[in-house]
Amino acid sequence: MSSIKIRTKRTDGKMQLRMLIAHPMEHGRNRDSKTNALIPAHFIQKLTVKHNNTVIMSGNIGANIAKDPYFSFLLKGGDVGDKISISWLDNLGNRDSQEYIVK
Amino acid sequence: MSTVPEQYAMTCNRRAFIKKSVALGGCSMIAAAGLLGSSETNAAWPAETGILQQTLKRLFKDQQIIASDKIDIQIAKIVGSGANVPITVTSTLNNVESIAILVEKNPIALAAKFDLTPTMEAWVSARLKIAESSTVMVIVETDAGFYSAAEKIIISPGNC
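Residue numbers (my numbering), protein chains in the order written: chain B, 1 to 103; chain R, 1001 to 1160.
Misleading hints may appear alongside valid ones.
Claimed, not checked - Pairs of lysine to aspartate or glutamate residues, derived as EDC-like cross-links and limited to a Cα-Cα distance of at most 16 Å, are as follows:
1. B:50 x R:1121
2. B:76 x R:1097
3. B:14 x R:1121
4. B:76 x R:1072
Unchecked claim - For the chain R half of the interface with chain B, some residues (derived, Cβ under 8 Å), not all of them:
5. 1054
6. 1073
7. 1075
8. 1077
9. 1081
10. 1106
11. 1107
12. 1108
13. 1143
14. 1145
Source of the hints: derived by calculation from the structure; they are not laboratory data.
All C-beta atoms in this analysis are idealised placements derived from N, C-alpha and C, irrespective of residue type, glycine included.
My request is simple: use the sequences and hints to build the entire structure.
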């Protein structure tokens, strides 16, 4: 299962893109409650949103974003059948992507 | 007769000595340069993860950032926990190119920088982690320059 959930909503000629990503977003300063050892940093660094294969948003994300990050953007236009694809890359080199067809 | 080879031997030695010393000097210089290089790169890290002013300088160089009332930050002013604070940034400025969100007192100030293409509205929503009561700063980059807005957030645990 993909780590990304995508939802869209169209109102007044605009399309709101909402995305929820399952990710720990550890900033590297938290300690394990049992062993008291530092939990290594693990956070998303790059987020890319594409609309019909053209990049509409590229973001540099830091560890200041909350766990299981939620982002929302507003696209001008957008229609049924459009393809939205979202991908992320984290500091450990993990990546994931998800495609969504607007209903 | 005997002086010539002696001299020759001497110059040879001197040449060898000079050659060796130059080579050694070169080696040590390279070593020093190598060491210096690595220490410089190590020193660059704290600057990158530094406080707000350093982050601003790194991100926007020495560009002038103008405070603007055309940026709207929707965020709770008093929150019980800073672990998950929703923020929505809207701007009525023209030709917005990027929106950056910074939390002043977090050890790494920059939370996110979203580069938007002209097909996007200047509207961004996310959820922040805020370590302590601090100012949340938003910097909007347009083709005309940089604009900023700030909002003070108070974190008070156990506040009903």
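How the hints compare with the structure:
no.	hint	verdict
1	B:50 x R:1121	holds, 15 Å
2	B:76 x R:1097	holds, 15 Å
3	B:14 x R:1121	holds, 9 Å
4	B:76 x R:1072	violated, 19 Å
5	1054	violated, 14 Å
6	1073	violated, 15 Å
7	1075	violated, 13 Å
8	1077	violated, 18 Å
9	1081	violated, 10 Å
10	1106	holds, 5 Å
11	1107	holds, 7 Å
12	1108	holds, 6 Å
13	1143	violated, 17 Å
14	1145	violated, 20 Å
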